[in-house]
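Colleague: Sequences are here, hints too, so could you generate the full structure?
Next come the chains, spelled out residue by residue.
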Amino acid sequence: MSKITFILNGKTVSVEGNPGVRLLDVLRNEFKLTGIKEGCGEGECGACAVLLDHKIVNSCSVVLANVDGHEITTIEGLKETSRYQVIRDSFGHAGAVQCGFCTPGMVIATESLLYDNPTPTEEDIKIGMSGNLCRCTGYQSIIEAVKKASEDGDGLW
Amino acid sequence: MVEQIIVKSVEEALSRLSERKYIIYAGGTDLIVQNRTVSEAPIPFKNPVLYCANLKELKYVKEGDDYLYIGAMTTLSELLTYESVPKLLKEAIEQMASPAIRNIATLAGNLGNASPAGDSLVPLYTLNALIKCQSVKASRLIPIQDFFVGLKKTALTDSEMITEIIIPKNRFKSTMYRKVGTRKADALSKVSFAGAYSIVHDKICDFRISIGAVNVTVVRRFDIEAKLIGKTIEQAQKMKNQIISLYLSSIKPINDQRSNIEYRTQVTKNLISAFMDTLD
Ligand SMILES: Cc1cc2nc3c(=O)[nH]c(=O)nc-3n(C[C@H](O)[C@H](O)[C@H](O)COP(=O)(O)OP(=O)(O)OC[C@H]3O[C@@H](n4cnc5c(N)ncnc54)[C@H](O)[C@@H]3O)c2cc1C
Ligand code: FES
Ligand code: FES
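Here the protein sequences come in this chain order: A and B.
All the letters of the first sequence, read from the start, carry residue numbers 1 to 157 under the working numbering.
All the letters of the second sequence, read from the start, carry residue numbers 1 to 280 under the working numbering.
One should not assume that every hint holds.
Claimed, not checked - Quick look at which bits of chain B chain A covers, simulated, 3 or more residues with Cβ under 8 Å:
#1 22-32
#2 43-57
#3 99-108
Said to hold, decoys possible - Derived CB-CB ranges, DEER-like:
#4 B:N255 / A:C136: 27 to 37 Å
#5 B:E262 / A:D124: 33 to 43 Å
#6 A:E71 / B:L80: 13 to 23 Å
#7 B:K87 / A:D89: 36 to 46 Å
#8 A:T34 / B:L248: 52 to 62 Å
#9 B:K59 / A:C136: 32 to 42 Å
#10 B:S249 / A:S14: 55 to 65 Å
To be verified - Here are the computed lysine-lysine pairs in the BS3-like style, where the Cα-Cα straight-line distance is at most 25 Å:
#11 B:K56 / A:K11
#12 B:K87 / A:K126
#13 A:K55 / B:K8
#14 A:K55 / B:K87
#15 B:K137 / B:K56
#16 B:K21 / B:K56
#17 B:K132 / B:K21
#18 B:K227 / B:K269
#19 B:K90 / A:K126
#20 A:K55 / B:K90
#21 A:K126 / A:K79
#22 A:K3 / B:K46
#23 A:K3 / B:K59
#24 A:K3 / B:K8
#25 B:K203 / B:K269
#26 B:K56 / A:K55
#27 B:K56 / B:K8
#28 B:K59 / A:K55
#29 B:K56 / A:K3
#30 A:K3 / B:K21
#31 B:K46 / B:K153
#32 B:K62 / A:K55
#33 A:K11 / B:K8
#34 B:K21 / B:K8
It is worth saying that the hints were derived from the structure and are not from the lab.
These numbers were taken from a predicted model, which means no experiment stands behind them.
Virtual Cβ for every residue (Gly too), placed ideally from N, Cα, C.
Modeller: Rendered as structure tokens:
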């Protein structure tokens with residue numbers, strides 16, 4: 001048993017229990033943050049992506065122990081920001097959402113990329129989104145969406 | 001449930017390791033996939049675990065006069081932000097996994113996992129990296145080619161952990177890194193290659209080739225490299241076929257789900273040939 005304390009969507013939280021559980025399960029089951037999805041469960045699809053200290057990680061591949069003392073933002077937390085509004089609108093505008101399963105992860109990947117690099121080239125966008133799979137859109141619309149977010153969100157990142 | 005400890009210092013980690021065998025848990029990107037069973041269940045580790053990822057003491061890149069020192073818990077993404085990290089290593093890291101994995105995975109974890117397809121291995125072999133293995137009692141500096149002793153086997157003892165990776169500062173005329181895989185992101189290598197050379201007074205004075213995923217450990221042949229030292233570029237080009245066949249005699253590629261023997265052999269030939277064509 002360990003006590004793990006971290007910042008979740010801006011609030012300090014503590015979890016007592018097995019440090020060897022996946023962050024994904026803690027977020028979905030204990031905190032009822034179900035925006036993140038489990039796709040592959042092996043780090044390959046990005047459906048479970050969250051931000052750890054502003055950087056994208058796959059919550060299926062992070063154990064609770066490693067989150068101790070860090071800051072986690074999920075899609076629910078990101079939703080409160082003006083940057084999210086820009087990403088949401090650009091995804092809508094570009095038609096980058098079909099079934100929506102990959103979308104929370106795609107939005108997190110976009111935020112992580114633009115936080116690091118507010119004016120990415122197309123190649124930067126492809127690299128930034130390379131860990132996120134989408135079975136519906138064929139990616140081009142997602143790349144367009146990220147491009148549009150970086151243009152429309154001028155100054156926000 | 002096995003004992004699981006979030007260690008607070010390197011001293012604590014080493015003292016615990018001196019008492020019994022533990023799984024050293026860094027980013028966990030390999031360990032979680034290797035140990036997980038069903039969704040939502042805690043990871044059923046077979047041995048006690050030391051969680052080390054948050055050891056700040058081991059998160060650094062420091063530059064000395066002759067060497068670069070990389071702390072074991074530095075993530076792959078962090079390494080990409082340092083000017084001092086050699087281009088050959090950066091090129092390999094940029095092609096490893098995806099941003100989300102690179103943000104937590106470590107170089108020490110790639111070494112500790114000891115997969116012959118580990119992508120940081122070939123650049124580290126070519127760069128003559130040294131692995132610092134520390135226990136309560138002592139610290140050993142092991143040249144990378146002696147660190148890997150067999151398929152998925154390293155020279156680490158149960159009481160040791162990797163605390164640092166040390167890279168001699170080299171100034172090469174040119175280097176070449178290639179990863180041959182399937183999908184760009186998240187794909188394991190079928191063959192990987194890191195070459196480097198230098199030339200002084202029109203003669204080759206340094207020539208290094210490391211080839212990954214074609215044998216149980218990375219292939220680095222100092223004896224073949226020595227044949228090219230002191231040669232002019234023209235002489236070296238004439239020896240190309242001979243050099244290629246020497247390398248082919250020391251590779252033992254396998255058939256697996258990612259590729260087959262013929263493909264891996266042909267790619268190895270092409271990579272050595274392409275590298276020798278860059279001599280200039
Ligand atoms: C989706 C996905 C894609 C991937 N793509 C690639 C790829 O393209 N190329 C590639 O090479 N790898 C790839 N990997 C594998 C993995 O990400 C790397 O091997 C990574 O570098 C492991 O680092 P880690 O910190 O996560 O290691 P961990 O999983 O924490 O540890 C791996 C092993 O090393 C040991 N270890 C860790 N740190 C130490 C230490 N300080 N001292 C002693 N032993 C230690 C552990 O005990 C364990 O046996 C991929 C993995 C996933 C999930
Ligand atoms: S569910 Fe985590 S990356 Fe696929
Ligand atoms: S919209 Fe369906 S998986 Fe991306």
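Colleague: Compare the structure with each hint and give your call.
Modeller: Hint by hint, here is what the structure shows:
| no. | hint | in the structure |
| --- | --- | --- |
| 1 | 22-32 | holds (count 5) |
| 2 | 43-57 | holds (count 6) |
| 3 | 99-108 | holds (count 5) |
| 4 | B:N255 / A:C136: 27 to 37 Å | holds (35 Å) |
| 5 | B:E262 / A:D124: 33 to 43 Å | holds (37 Å) |
| 6 | A:E71 / B:L80: 13 to 23 Å | holds (21 Å) |
| 7 | B:K87 / A:D89: 36 to 46 Å | holds (39 Å) |
| 8 | A:T34 / B:L248: 52 to 62 Å | holds (54 Å) |
| 9 | B:K59 / A:C136: 32 to 42 Å | holds (39 Å) |
| 10 | B:S249 / A:S14: 55 to 65 Å | holds (60 Å) |
| 11 | B:K56 / A:K11 | holds (23 Å) |
| 12 | B:K87 / A:K126 | holds (21 Å) |
| 13 | A:K55 / B:K8 | holds (23 Å) |
| 14 | A:K55 / B:K87 | holds (23 Å) |
| 15 | B:K137 / B:K56 | holds (22 Å) |
| 16 | B:K21 / B:K56 | holds (23 Å) |
| 17 | B:K132 / B:K21 | holds (19 Å) |
| 18 | B:K227 / B:K269 | holds (18 Å) |
| 19 | B:K90 / A:K126 | holds (18 Å) |
| 20 | A:K55 / B:K90 | holds (19 Å) |
| 21 | A:K126 / A:K79 | holds (24 Å) |
| 22 | A:K3 / B:K46 | holds (22 Å) |
| 23 | A:K3 / B:K59 | holds (23 Å) |
| 24 | A:K3 / B:K8 | holds (14 Å) |
| 25 | B:K203 / B:K269 | holds (24 Å) |
| 26 | B:K56 / A:K55 | holds (18 Å) |
| 27 | B:K56 / B:K8 | holds (9 Å) |
| 28 | B:K59 / A:K55 | holds (17 Å) |
| 29 | B:K56 / A:K3 | holds (19 Å) |
| 30 | A:K3 / B:K21 | holds (24 Å) |
| 31 | B:K46 / B:K153 | holds (18 Å) |
| 32 | B:K62 / A:K55 | holds (23 Å) |
| 33 | A:K11 / B:K8 | holds (24 Å) |
| 34 | B:K21 / B:K8 | holds (18 Å) |
Hint violations for this structure: none, all hints satisfied.
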